[in-house]
Amino acid sequence: MKLRRRLRYIWRIARWETSHTSTSIDRRTLATGLGILVIVGLIATVGLATGLGGVSPSQDIYRVGVDSDSDYYPVVESHTALAAHEPDEAKLEAGEIDALVIDSGQQAAQTQDGELELTAGESGEIELESVSRLTVLHTPTEKGTAAVSTFRIAVEQYNDRLMALEENQTAAYPVIVQLQYLPQQALDGQFETDPAVDDVEDVDGDADEDADDDEAVDDDEADVPVDADEDAEDDEGVDDDEADGAGPELADEEASLADRLFGTGAASGSPAEISPPFPFSSLLLAFVFLIPMNFIIQAYGGSILNERINRRGELLLVAPLSRVDIVAGKTLPYLAVATAAITAISLAVGGGLLSVLAVVPIALAFLTATFVGAMFARSFKELTFVTVTISVLLTTYVFVPAIFTNVTPIALISPLTLVVMDLQGEAIGIGAYVFSTAPFYLGSAILFVLGLGVYREEDMFTQKPVPLKFLDALDSRLYGPKSVAVVSGLMIPFVFVAELLAIAVLFVLPIEVSIPIILVVIAAIEEVAKSIHVYAGFESDRFDRSGRTAVMLGALSGVGFFVAEKFTAITQLVGLPELALGQAVLAPAGVTPTATLALLAAPLVLHVVTAGISALGAKRNLRWYLIALVVATLVHAGYNFAVVSFYG
Amino acid sequence: MAESNDSRLRRWLRSQRLTIAKRELRVLGREKTIVLALVIQLFIAGFSGFLVVGLVSLYDPASVEGLQIEAAVTGGASDEMADAIDEQDSMSATTFEDSTEAFEAFDDGQVQAVFETMIREDRIEVVLTAPEGSLETTLVVAEGQQALRALERTQRLERSAQLSVQPLELPAESGGNPYFDFTYTVLIPLLVFLPVFISGSITVDSITEEIDRGTLELLRVAPISLTEIVDGKALAMIAIAPIQAALWLALLAYNGVAISNPGWLVALASASAVIVVGLAVIVSLLAVDRQPAQLLFAVGVLLLFGAASLLPGSPANTAALLAIGSASLSTYLAVVGMLGVAAVVAVCMRVLTTRVDPSAL
Numbered sequence: 001m002k003l004r005r006r007l008r009y010i011w012r013i014a015r016w017e018t019s020h021t022s023t024s025i026d027r028r029t030l031a032t033g034l035g036i037l038v039i040v041g042l043i044a045t046v047g048l049a050t051g052l053g054g055v056s057p058s059q060d061i062y063r064v065g066v067d068s069d070s071d072y073y074p075v076v077e078s079h080t081a082l083a084a085h086e087p088d089e090a091k092l093e094a095g096e097i098d099a100l101v102i103d104s105g106q107q108a109a110q111t112q113d114g115e116l117e118l119t120a121g122e123s124g125e126i127e128l129e130s131v132s133r134l135t136v137l138h139t140p141t142e143k144g145t146a147a148v149s150t151f152r153i154a155v156e157q158y159n160d161r162l163m164a165l166e167e168n169q170t171a172a173y174p175v176i177v178q179l180q181y182l183p184q185q186a187l188d189g190q191f192e193t194d195p196a197v198d199d200v201e202d203v204d205g206d207a208d209e210d211a212d213d214d215e216a217v218d219d220d221e222a223d224v225p226v227d228a229d230e231d232a233e234d235d236e237g238v239d240d241d242e243a244d245g246a247g248p249e250l251a252d253e254e255a256s257l258a259d260r261l262f263g264t265g266a267a268s269g270s271p272a273e274i275s276p277p278f279p280f281s282s283l284l285l286a287f288v289f290l291i292p293m294n295f296i297i298q299a300y301g302g303s304i305l306n307e308r309i310n311r312r313g314e315l316l317l318v319a320p321l322s323r324v325d326i327v328a329g330k331t332l333p334y335l336a337v338a339t340a341a342i343t344a345i346s347l348a349v350g351g352g353l354l355s356v357l358a359v360v361p362i363a364l365a366f367l368t369a370t371f372v373g374a375m376f377a378r379s380f381k382e383l384t385f386v387t388v389t390i391s392v393l394l395t396t397y398v399f400v401p402a403i404f405t406n407v408t409p410i411a412l413i414s415p416l417t418l419v420v421m422d423l424q425g426e427a428i429g430i431g432a433y434v435f436s437t438a439p440f441y442l443g444s445a446i447l448f449v450l451g452l453g454v455y456r457e458e459d460m461f462t463q464k465p466v467p468l469k470f471l472d473a474l475d476s477r478l479y480g481p482k483s484v485a486v487v488s489g490l491m492i493p494f495v496f497v498a499e500l501l502a503i504a505v506l507f508v509l510p511i512e513v514s515i516p517i518i519l520v521v522i523a524a525i526e527e528v529a530k531s532i533h534v535y536a537g538f539e540s541d542r543f544d545r546s547g548r549t550a551v552m553l554g555a556l557s558g559v560g561f562f563v564a565e566k567f568t569a570i571t572q573l574v575g576l577p578e579l580a581l582g583q584a585v586l587a588p589a590g591v592t593p594t595a596t597l598a599l600l601a602a603p604l605v606l607h608v609v610t611a612g613i614s615a616l617g618a619k620r621n622l623r624w625y626l627i628a629l630v631v632a633t634l635v636h637a638g639y640n641f642a643v644v645s646f647y648g
Numbered sequence: 001m002a003e004s005n006d007s008r009l010r011r012w013l014r015s016q017r018l019t020i021a022k023r024e025l026r027v028l029g030r031e032k033t034i035v036l037a038l039v040i041q042l043f044i045a046g047f048s049g050f051l052v053v054g055l056v057s058l059y060d061p062a063s064v065e066g067l068q069i070e071a072a073v074t075g076g077a078s079d080e081m082a083d084a085i086d087e088q089d090s091m092s093a094t095t096f097e098d099s100t101e102a103f104e105a106f107d108d109g110q111v112q113a114v115f116e117t118m119i120r121e122d123r124i125e126v127v128l129t130a131p132e133g134s135l136e137t138t139l140v141v142a143e144g145q146q147a148l149r150a151l152e153r154t155q156r157l158e159r160s161a162q163l164s165v166q167p168l169e170l171p172a173e174s175g176g177n178p179y180f181d182f183t184y185t186v187l188i189p190l191l192v193f194l195p196v197f198i199s200g201s202i203t204v205d206s207i208t209e210e211i212d213r214g215t216l217e218l219l220r221v222a223p224i225s226l227t228e229i230v231d232g233k234a235l236a237m238i239a240i241a242p243i244q245a246a247l248w249l250a251l252l253a254y255n256g257v258a259i260s261n262p263g264w265l266v267a268l269a270s271a272s273a274v275i276v277v278g279l280a281v282i283v284s285l286l287a288v289d290r291q292p293a294q295l296l297f298a299v300g301v302l303l304l305f306g307a308a309s310l311l312p313g314s315p316a317n318t319a320a321l322l323a324i325g326s327a328s329l330s331t332y333l334a335v336v337g338m339l340g341v342a343a344v345v346a347v348c349m350r351v352l353t354t355r356v357d358p359s360a361l
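Residue numbers (our numbering), protein chains in the order written: chain V, 1 to 648; chain F, 1 to 361.
The reader is advised that the hints may include incorrect statements.
What the hints assert, rightly or not - Partial selection, computed: residues in chain F whose CB lies under 10 Å from chain V:
hint	residue
1	V39
2	Q162
3	S206
4	A222
5	Y254
6	P312
7	A320
Said to hold, decoys possible - Pairwise CB distance ranges (calculated):
hint	chain 1	residue 1	chain 2	residue 2	range
8	F	L302	V	W16	26 to 34 Å
9	F	D6	V	L315	49 to 57 Å
10	F	V336	V	L48	36 to 44 Å
Stated by the list, open to error - Some but not every residue of chain F turned toward chain V, in silico, with C-beta under 10 Å:
hint	residue
11	D122
12	A147
13	L151
14	A161
15	L168
16	G175
17	S201
What the hints contain is simulated information worked out from the structure, not anything from laboratory work.
Quick caveat: nothing in here was measured; it's all calculated off a predicted structure.
No residue lacks a Cβ here, since even glycine has one placed at the ideal position from N, Cα and C.
So here's chain F without its partners, still in its complex pose:
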C-alpha cells in the first residue's frame, strides 16, 4: 500500500516537471523566439552556402561553366610555358613575339593574363600579370598558379639527375570537389552545436529572469520545489536542441547531402545539450544576476568548446567523422564518453539545485 502511494507520488512529481517543461516550450512558441532562432540558423546555413559557392567560383574556374582564360606568353621559355598552360582545362595560351604586343592585347582585354618568361641561370623566371581589381583576378591567379606548378613539375623532371630525392608522381585528377569536406567539417558541426548553445542561453535567461522578476517568491506557496522547476526548464531546453539538429540533418539530406550515422549525431547533440544546459543552470544559480551570468555562460561555453577541440575526440571532428561516414571505433567511443560527461554534469546540476535555497535567491 505504501509503495503504491509512493509510486503515485513519484508520477505526480514527474508530471509537475513536464508541466513546467511544456509551459517553457509554450512561452518560446508564443514569443516566436524559437522561430527567430530557426531563422538565424537558416540564415547562417544559407550564408555559408553562399560563401562556399562564392569561394569555389572565385578559385575554381572549372565550376564556372564556359569560363576560359586567355593567356599571353612571351619571352625565352614561351614554348614550355605555353605547353603547361594548355594542359589546364580552362586556360589557353597564345605566344607573342614581344612584351609590348602582349600588353597591348592585355589592355584590349583579349587576354586576361600575361606570362613573361626568361631563362636565367638555368631557371625559368616568370612574371605573371593579372588584371587588377576585377572579379577575374583571383581566377586568373589561381589558374595561373596551376599552370606554373605544371611547368615546375616538368622542369624538375628534366633536372631529375641533379636531385637527390625524386618528387613523387601526382595521381591523375579525379575531378573531385576540393570543397566537398566543407559541408561536413564546418556546416554540420555548426548546425549540430549552435542549437545547443542557443538552448543554454535561453536557460540562463529563463532562470535569471524568474529570480530578477521575483516570481520565484511564489514558490513558497506553490506545491513545487526549485528542483522541479529547474528540471522542467532544463528538460524543455535539452529536448529542443537535438530536435533542431535532427531537422537540419533531414533538410541537408533532402538537399542531397549524404549523411551517415544520423542516430549517433543526434545522440551527440543530446549529450552536448545536457552538458551545456547543465552548465547554464549551474552558472545562473551561482551568478544570480542576468548580465554577468549570461556573459559567464557565453565565454565559458566557448572556452569549453575550444578546450575540448584539443582532445582526441573533439566534438567538431566527431560530428564531421560521423556525418561523412568515416567514423571509427574511437569516434563512437567519443560519443559514449560525451554521454558519460553529460551524466556527470546532470548529477552536479541536481546536487547544486537541491542545495540552493530558493528564498535566498
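Pulled out of the complex, with its shape left as it was, chain V reads as follows:
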C-alpha cells in the first residue's frame, strides 16, 4: 500500500516534469533554428556547387613534384593527401615541395625494385634490363619520409584501380586469399572460443565447397574470379556479398588512419581486399547509441539545476514527499526518453534486445553522473562543463574498449562491446553480460545515492564550493564507524575506472617512465578512495578527533576496501576465467589464482596500514591530511614496486 502510494507520487512528479519542459520552446527559438538551418543550407549548397563535395582534412598536405607527362602524375592527382607540383630539385632543397618523383624510361621491361626472381627458362635474358626506373627524393624531414610512404600507398591503390579494369582478370589478380581465424591451442585455456569459426577447412575442402556453392557464385565466375568461399559464419551473407562486391573492391582513397579504419573486414579476395578484424561498421552503429545521451543529459542537468536557482525547488522539498521520490520522479522521464531512443536505435540498426539491455546501464551512468554534477554545479556555465566532462569521459570509457572487441576479452569492461558483438551476431553469455554491466549498475546506484545526500536545503541553495559539497555528499552516507568500511568498498568501481583511465592516458609515454608513474598514480587513487570519506567525517565533526578513533576508522576503511577489491577479483576468477588477464591488469597489488594465504594477507595489511596513516592526518586538518596522503601513497607505491619486481 505504501509502495503504491509512493509510486503514485513518483508518477505525478514525472508527469509534472514532462509537462513543464515541453512548453519551453517558443516561436522565436524555432525561427532562430530555422535561420541557422537556412545559413547552413546555403553554405552547403555553395560547397556542393563548387563540385568539391567535401574536403578531407588531409587534402593536399604533401606536395609532390612530378612531371605532368609522367605516368605517376595521375597517381599524385588522384590521391587526396598528395598535391602535384612542378618537379624542381631547387624547390625540394628549399623545402617548397616534400618529395620529388624522377621517372626515367618508359613502361617497358620494368621490374620490382630492380630485383626479379626469374623463372628457369628465361634466366639471363632480361636481367640487364631489370633496373629501377623510378627514383623518389624527399626532404630530410619526417614529413618527407611520410610523403614518400603516402606516395607508395597511392601507387599501390592506383595499380589496384588499373588492375580492376584489366580484361584478363587471372593475370591481374594472380593471388586469391582467404582469411580465417583459429584459436591457438596453447592459449586455449584462457580464451573462449567461438564454435562458428572453429572448424578447420583446408584448401581441398574449400575447393569442394566451391563447387556446391549457390548460383550467385556461378554468375560471377565469368567476370570476377574472386569467389573463394566465405567463412562458415558468413553463410547467409554469401549471396549479397558476392553480388555487390562483384569487382574487386577498390581501396579507400584516404591513405591515412581512415584507410585502416574504413576497411570492410573482408574474409576473402585479392590481397588488397582482406583486412584485419576491425568491426568498424558495428562500432560506428554502436556509437550511434551514445549520441542521444549527450542531448538528454543536457536537458536533465538543466532541469535539476533549475530547481536550485532562485530556490525554485523549495516547494517540492517542503512537500510531504521523500527526497528519493522527488529525484526518482524527476529522473524517470529522462530515463524513459533514453530507453525509447535506445530501443528505436536498436530497431533501426538491427540490434536485438541485448543491445537495449547493454546500453540502458550506460544511460543510467550518464544520468546519475549528470545528477551529481548538477547538484554540485553553481551555475549553468559550470554545469555545461560538467556535462561535457561526463560525456567525454563516459564516451571514451565505453567506446575505446569496444574497438578491441575482436582482439581481447578485456574489451568486455565496456557494455558497448556487447552491442558490437550483438550486431556482429555473436552469442553472449550471461557471465559476460554481468561482467560488463554490473559496474555500471553499481556505479550508477552509488552516484544516485551520493547525489541524494546533498539534495537538501543547505546544499541545494547555497554557493558552497564543489569540494565542500562533495565532502557533504560523502558525509551524508556516514552513520557510524562501520559505514566507513562500506563506503570504502563502494569506492571500488570508481577506483577501477580511474585506474583504467590513468593507464590509458599514460600509455603514450615510454614504458620505463610510464610503469613507475602508473604504479604511483594507482597508489594515489586507492589511497584517496580509502581516506577521503574519513576526512569528510572528521570535518563534519561526525567522529571525535582522537588518535584511537582515527586508527580504528583507518583500519575499518582498509578492511572494507580490501574485501571489496578481493570480492571483485574473486567474482572475476569464478565467473569469467578467460578474464584472468584483465584481473592482472586491474589489480596490481592483487592476488593471482595460485596465491598463498601469506600473499593474500599482505595487501590486507598494506591497505589497513596506509588507510591508518591517512586517517591520522585527516583528524588534524586539510594540510595534515594531504601530507599523510602523500606518505600513504609512497608506502603503497613502494609496496606496488616490490610486488611488480617480485613477479617480474
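With chain V fixed as given, assemble chain F onto it according to the hints.
Below, chain F alone, put in the same frame as chain V:
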C-alpha cells in the same frame, strides 16, 4: 573642447567593457571551469595520442620493437610465398611438408600464421590462418597482407605479357610513418577549434543565465548598456580561445612536433572564435531560454562546421595545411576570408544587441 569630452567618454565606455570582460574571466577562474576545460582538452589530446600509438602498434609491427612473426608455409606455391614473406622485415617463413604439421606448429604457438597455398587455374590460392582473439591477430593479418601483396606483384610481373596495362613500379620504402599526418589533420584542428566551441558554449550560458536569474534587471539602474555587457562578455570569451590554441601549439612544439605558421593558426582560431561567439550571442538573445538556446547553439555550430568543410577553404583542412607547412596562397586567402566573415558576424551581433530591449528579456 567638445571633442576631448567625447574621447574621454569613449575611453570611459571602453573601460566599462573591459571591466565586464575582466569580471567574466575572473568568474571563470574562480569557478575553476576553465581548469576543467583545459583538463578535458588535455585528456582528449592524451587519449588521441593513446589511440594513435595503439593503432600504430596494432597495425604496424615495425613500430613494435623486436616483434617477429613466424609464419608456416605449405602447399604447391610454397617457394613463391616464402620468398614474399622473407621480403618483409618483421616476418619470416618456414616451409612445412603438409598442412597437418603446419597446424601442429600453429597450435603449439611456434608459428603465428599459416599460409596454405595451392596453384589452381594458373593462380595461387592462399588460405591465411591467423590466431583468433589475440593481440597479435591484427598484426599477423596486416603483415600477412603485405607479404601477399608482394607475392601479387611478382606474380603480376610474371604474367605481364598477358596484361594490357602494366602496373606502375612502387617506390622503395622510405620508412616514413604512415600516421604522421594524424597529428596535423586530426589533433591540431581539434585543439584549435575545441576551445572556440567551448567559448561559444560559455557565452550562451553566461548570457542566458543573466536573463534567467533576472540580473539583467539591474541594468536599468546601472550606467551601462546591454551592448556593453554583451561586448564585454563576448570579448572575454573571444580572447581565451586563441590563447588556449596558442598554448596547445606551444605544448606540441615543445614535444617535438614541428608546427609551421603559428601566427596564421592563431589568426584562424581568433576568426573562428569571433564567428562562433557571435553566433552564441545571437542565439542566446533570440532564444532566451537556456536549454533551447544551448541546444540550438551546439547543433548550429556543428552543422556550420560540417557545411564549411564542404567549402574549398574548409577550416580543418586549412588548419592542417598551415600547421604541416604545406600552405599555399589559397590557404592564406581562406584565413583572410574567415577574418572577413568574422567581421560580418561581429557587425550582425552588434546590430542585434542594440535592437534588443533589455527589459523585454
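Answer holds if the nearest beta-carbon of chain V is closer than 10 Å to that of F/D122; otherwise answer violated.
Hint holds; F/D122 Cβ to chain V Cβ min 6 Å, cut 10 Å.
Given a cut of 10 Å on the nearest C-beta pair, is the interface hint for F/A147 held or broken against chain V?
holds (8 Å)
Hint validation: F/A320 versus chain V, beta carbon distance must be below 10 Å. Holds or violated?
Result: holds, 5 Å to nearest chain V Cβ.
Take the shortest C-beta to C-beta distance between F/V39 and chain V; is it under 10 Å?
At about 8 Å, which falls below the 10 Å cut-off, the nearest Cβ of chain V leaves the hint on F/V39 intact, so it holds.
Per-residue hint verdict: F/G175, partner chain V, C-beta under 10 Å:
F/G175 check passes; min Cβ-Cβ to chain V is 6 Å, inside 10 Å.
Let's test the interface hint: is any C-beta of chain V closer than 10 Å to that of F/A161?
For F/A161, the interface hint holds, since the closest Cβ of chain V sits about 8 Å away, which is under 10 Å.
Minimum beta-carbon distance criterion (10 Å), F/S201 to chain V
F/S201 check passes; min Cβ-Cβ to chain V is 5 Å, inside 10 Å.
Can we keep the F/Y254 interface hint, with Cβ of chain V closer than 10 Å?
Where the cut-off is 10 Å and the nearest Cβ of chain V is about 15 Å from F/Y254, the hint is violated.
F/D6 versus V/L315 beta-carbon gap, inside 49 to 57 Å or not
Given a distance of about 53 Å, which is inside 49 to 57 Å, the answer is holds.
Can we keep the F/S206 interface hint, with Cβ of chain V closer than 10 Å?
holds (6 Å)
Can you verify the interface hint for F/L168: is its Cβ closer than 10 Å to any Cβ in chain V?
This interface hint holds because 5 Å falls under the 10 Å limit.
When the least beta-carbon distance from F/A222 to chain V is tested against 10 Å, hint result:
violated (20 Å)
Violated hints for the displayed structure, listed by number in ascending order: 4, 5, 10.
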